[in-house]
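Just so you know, the protein sequences line up as chains A and B, in that order.
Okay, so the first sequence: first residue is 1 according to my numbering, each after it adds one.
Okay, so the second sequence: first residue is 1 according to my numbering, each after it adds one.
By construction, these hints were calculated from the structure, which means they are not laboratory data.
Keep in mind that the hints are not guaranteed to be accurate.
Here are some of the chain B residues that sit facing chain A, going by a computed Cβ distance under 10 angstroms [what the hints assert, rightly or not]: (1) Ala70; (2) Pro103; (3) Glu104; (4) Leu106; (5) Arg107; (6) Glu110; (7) Lys141; (8) Gly161.
Here are the simulated lysine-lysine pairs, DSSO-like style, with alpha carbons at most 30 angstroms apart [to be verified]: (9) Lys42(B) to Lys106(A); (10) Lys106(A) to Lys219(B); (11) Lys25(A) to Lys150(B); (12) Lys106(A) to Lys189(B); (13) Lys141(B) to Lys106(A); (14) Lys42(B) to Lys265(A); (15) Lys28(A) to Lys141(B).
All C-beta atoms, glycine included, are put in the ideal place defined by N, C-alpha and C.
Now for the letters of each chain:
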Amino acid sequence: MATASTAISSVVNLQRPNPVGICFKEAKYEFLKNLRNPMYSVSTVLFPLMFYVLFGLVMGKQMIGGISTTVYLIPAYGTFGVMGASLFGTAASLASERGLGWLQVKRASPMPPFAYFLAKIVMSLIFSTIVVLLLLLLGVSFGGVHLPAITAGKLVLTLVGGSLPFCAMGLAIGYFAGPTSAPAVINIFYLPMSFFSGLWMPFMFLPKFIQHIAVFLPPYHLSQLALSLIGAGRGEPSLGHWEALIGFTMLCLGVARWGHQRDEKANG
Amino acid sequence: MATAQLLQMRDQQVRGRPQVAWLEGVGLNYGQVRALVNFNFKVSAGELVALLGPNGAGKTTAIKLLLGLATPTSGRVSVFGVDPANVATHTRVGAMLQVGRVPETLRVREHIDLFSSYYPNPLPIAETLAIAGLEDLADRKFGDLSSGQKQRVLFALGICGNPDLLFLDEPTVGLDVEARHLLWEEIRKLLGRGKTVVLTTHYLEEADALADRIAVINKGSIIAEGSPAEIKARTGGKKIRCVTNLAPAVVRTLSGVLEVHQDRDAMVIHASQAEDVLRGLLNLDLEVSGIEVTSAGLEEAFLALTRDNPV
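In isolation and in its complexed conformation, chain B is listed as follows (with noise of 0.2 angstroms):
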């Protein structure tokens, strides 16, 4: 429906914006590691911002920095202006974060009118319950959840507050293509409401399809950022997969190749574009058989930036 239209309209009315959180020159160590290092990063009213990165890469630690949940050793964070910290300032901010356990013995009405009860102004709970797609799971208990639902339980947690601000850590791990298609349709309702989100992820495939901006992290420092377009153009290898007798040593030497691999019986060959791999393949071995093309994923998409961007 007008979702699409609604987005375009919001596209428009992002810029200029103001900026509702920010981290400046942030640093954080836990004992040694050093999760964050000099990590700045904005967001602006109304627009969804992805920080994309593999696990460890300082994703989560971001969130709760935003959160007021951990402290920087160095460097500034702020929300709508003041320490994330202020109990004040989460009645205005929703979070859905990585629980090892919820309690089971809970039925999913019950842990949603809790927490719609700390909030001043909640959603009604049969609305939050159509949001999350639970209407049919109100009475269950949580434990009694697959995996996907008790991911839609705590995404319904980080909804049921109203919040203008929106923080989802990894919200469609764990979930089935179906599933993760109609949570990012229930994300981007949200921000046809004129709400603001922030979610990591580390499929550059979710990043792409929600996100205005993402900011791709690693170790501890965003090393790119930009319009998902943008951040394609940067990391656009393909992959190619085929069975050869040639040895690595000799693919290597055609242009456009960027790293092979052995994989079982079949040879895995990151390029930057495939068409000029492809005819010096075919022209060396004629026995060439198996050929799939595919884009880069993120793993190929990090080492195309890390080449780039030494951290």
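Next up, chain A with everything else stripped away, as it sits in the complex (with noise of 0.2 angstroms):
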């Protein structure tokens, strides 16, 4: 008897763990559970890297504006890598667990529901940095791109940073999608808007019109913010790009917050 006695005894001890413990533990586990899947962690990383071998390096060297392909490839495909890295490390996930049960084991649990949401954006900004990382190393080994280090290092920080805009629309996707469609609600999103924000191809071999739809697509902002530190942004005052991506955020996390209510809402 003296288990039962003790088991009923430590009942009376309600002390929380540290929620930071259980964000990085969290964390750690999204990360390697992403890892390990290659439909998220190959694709990921091989996407960005496969155009821009393909564009930047075997095409051969053209100029852009006065700026070598290979220079101007790391920002655009930078940015078409964060945001894949983003919205499918986002949106994939929280659909599937959505849908099929597994947010309501955690949610019967005592786990803090925003280390649950912490954790998925911490592992898409690691590897958001690891594609944007992999694209500097391929151009300068195999592009001749010379970057002062404090512009690459700037490169990397504002890709990061800028691919939280996308981890919020991955949230919000992820509270409207299906557990099988969601890959597929994705794809409309991301592939057409790299498209018209000139992350495929530079503007000037795109029609005109493209231009005026670009300016409200939050990938355009983010490009051009990258692009401008390697001097071949279209000259707008960063600024304005920078409240771009912050309103697109806010309304991203709008929405996500809708859903979230909705879900509770919906009685599990």
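Reconstruct the complex from the two isolated chains, following the hints.
This is the structure in structure tokens:
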């Protein structure tokens, strides 16, 4: 009966474990979970790098507005890459875990809800960092790219920090997409948005009207911030780009919050 | 070993224990569907209550309410005297729920490590693994497990936080007989350690083997409640299966027959008790063959109970 009495007396202790520790563990396992899932880890890293190799390295050195394509395409495919890492890293797993009951198991536990979301965002940021660093490595090693360390550092920070709006967008999509349709829904936003923002092809090769669409698209604003660091931006003030990205983030968080409340009301 | 003794001692202790969870006059609607109707249910400290009912009866809904995952349309829910949605309440509660898909690339040990970290006084991971019989599978990825092994991991996630109150939603679905009995043994041990358990099942046998008290649910209401012996007494019909040339209409006239239907080449007779029906059957048809008599299953229990308590 010794076990019985200790089990009952331990009931009194309602001290909560350290939330920072929980968040760390949650993020660690979220990262491991995705790292071991090639659908996410391989495609997130591979597609931007492959595009860079094909259009940057294989096509040979060309100039875009006085800048070598191998340099120009790092911010462009970097934006494309962090978008993919963020959208798939948040929306796909949230939609599946929401729709197939796993989130409910977590909600029945004492896990602080913010740990769950924070883990997905941290995981996405890590993959965004990996994508940008590998792009730079490819450019420097094979594309004859020479960037001052400070510029390269700013580029990484801008692209990785600028992935946060897309994490927010992913959470919003994750609350409304079905568990199996989520990847398709993500692509419906991801691929056209990338094209119309000039990430795949610089604007000079695209019909003029696309530039008028681009200014309404968040990836355009992030890519312009990144391009301006290497002197390839279109010369618009960067404050406007930041404002657009922050506004977009707020909008997405609002939609995600609405979806979250809708879920709670729908009785699990 | 001493499990039986422990259980006996506990039986004496359970009476007069405080109530740890209750649903009071609860109604819950999903749109137009009334999932629970004026539902009253109480759980006393240290007991094991089984919610027994067919799929869609409202068992899982009742568990969700007690876990704070659903809010009642009307009525009141309380766990440890407070709102179950309260996160502090969750530190004393464990749950094994039915899940469509669990992250498959994490290892068993990693899943348990993460869930243990949510609780203030978790069991050591080795102990959780031992209780759930997962020692040899600790380093396997969840996706590589059989469905029975997956159930055991979900059970481990329910108990790893060393909760005082444990909810098990259909814990033995998909388990083979051996695994089912092993899990029952583990659940009994938890009771021996003073835990309170609420489980849902659609197996009368499971409720009978484990529960101090059974609440039978149908169409969102409790239609019978009592000890396993009491419930079985109320539902103790027999099922007779045989091959006969008699017409169902004739068999129906025998005393004690509740219902007759044809199943392929055999006739299935539900009876309040078997002896009189068999005597009559043998009298009328000397050729009757292949006679099997079994205790009524849950399906028959429901026929009997719902007849007594039309909803």
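Numbered hints the structure breaks, given as an ascending list | Result: no hint breaks.
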